[in-house]
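Asker: Single-letter residue listing:
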Amino acid sequence: AQRVTQPEKLLSVFKGAPVELKCNYSYSGSPELFWYVQYSRQRLQLLLRHISRESIKGFTADLNKGETSFHLKKPFAQEEDSAMYYCALSGLGNAGNMLTFGGGTRLMVKP
Amino acid sequence: ETGVTQSPTHLIKTRGQQVTLRCSSQSGHNTVSWYQQALGQGPQFIFQYYREEENGRGNFPPRFSGLQFPNYSSELNVNALELDDSALYLCASSLRTGSSGANVLTFGAGSRLTVL
Numbered sequence: 001a002q003r004v005t006q007p008e009k010l011l012s013v014f015k016g017a018p019v020e021l022k023c024n025y026s027y028s029g030s031p032e033l034f035w036y037v038q039y040s041r042q043r044l045q046l047l048l049r050h051i052s053r054e055s056i057k058g059f060t061a062d063l064n065k066g067e068t069s070f071h072l073k074k075p076f077a078q079e080e081d082s083a084m085y086y087c088a089l090s091g092l093g094n095a096g097n098m099l100t101f102g103g104g105t106r107l108m109v110k111p
Numbered sequence: 001e002t003g004v005t006q007s008p009t010h011l012i013k014t015r016g017q018q019v020t021l022r023c024s025s026q027s028g029h030n031t032v033s034w035y036q037q038a039l040g041q042g043p044q045f046i047f048q049y050y051r052e053e054e055n056g057r058g059n060f061p062p063r064f065s066g067l068q069f070p071n072y073s074s075e076l077n078v079n080a081l082e083l084d085d086s087a088l089y090l091c092a093s094s095l096r097t098g099s100s101g102a103n104v105l106t107f108g109a110g111s112r113l114t115v116l
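The listed protein sequences derive, respectively, from chains A and B.
Under this note's numbering, the residues of the first sequence are numbered 1 to 111, in order.
Under this note's numbering, the residues of the second sequence are numbered 1 to 116, in order.
The set of hints was computed from the structure by calculation and includes no laboratory data.
These numbers come from a predicted model, not from an experiment.
No residue lacks a Cβ here, since even glycine has one placed at the ideal position from N, Cα and C.
Treat each hint with caution, since some may be false.
[As the list claims (entries may be wrong)] Here are the computed distance ranges between Cβ atoms for each label pair:
| # | chain 1 | residue 1 | chain 2 | residue 2 | range |
| --- | --- | --- | --- | --- | --- |
| 1 | A | 67 | B | 71 | 36 to 46 Å |
| 2 | A | 12 | B | 52 | 42 to 52 Å |
| 3 | A | 64 | B | 12 | 39 to 49 Å |
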């Protein structure tokens, strides 16, 4: 079975503060990890995936297989980062495998 | 380039009825996935379609069924509706090439189903 846990339902920070949204997973094979984001009144959209090793909108995430984590980080939060963030997991290279989402973390960046 | 469109946006049904939700894929995409999102929770995988065949299914009963058409559009059918089926149903399309890409999803806005 595969599982994704996002321990914080809500994370509130001030503008300019560092942000870390936590994601832990459980999966027996080789995982592929994603972060999806939903801004207010917009659709759910892909933010980044671990195999791309990109920084998107200043966000980065590193897959730590030892700790089975894929935390999302940004050094300086902006008000426009306020959104719902979902961590998601599938099996690497298995196109038909399900994408399992965590319960989501709402990030609020205060001015 | 057109995005993913879903219809209807909202609908109300009663217990025991049947519902069909529709989805048009983003242009150029060949794979469609359906998710159920209950209030306050993350999306839950229902199934995925590729080449008009079911290509992966989550923990949903057989009364949840689907179709993918040659133009890559898709339908989700739910029979014998139950109160717990009330949720936002999300369709997402993707471009599968070989064994990768299927989970790089472009989501629609969703169909909100209320079962009374």
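Asker: Take the hints in turn and mark each one as holding or not.
Answerer: To see whether the hints hold, each was checked on the structure:
Checking the proposed 36 to 46 Å range against residue 67 of chain A and residue 71 of chain B shows it holds: the Cβ atoms sit about 44 Å from each other. Distance hint check for residue 12 of chain A and residue 52 of chain B: the Cβ-Cβ separation is about 46 Å, which falls inside the suggested range of 42 to 52 Å. With their beta carbons about 45 Å apart, residue 64 of chain A and residue 12 of chain B fall inside the hinted range of 39 to 49 Å.
Hint check: no violations occur; every hint is consistent with the structure.
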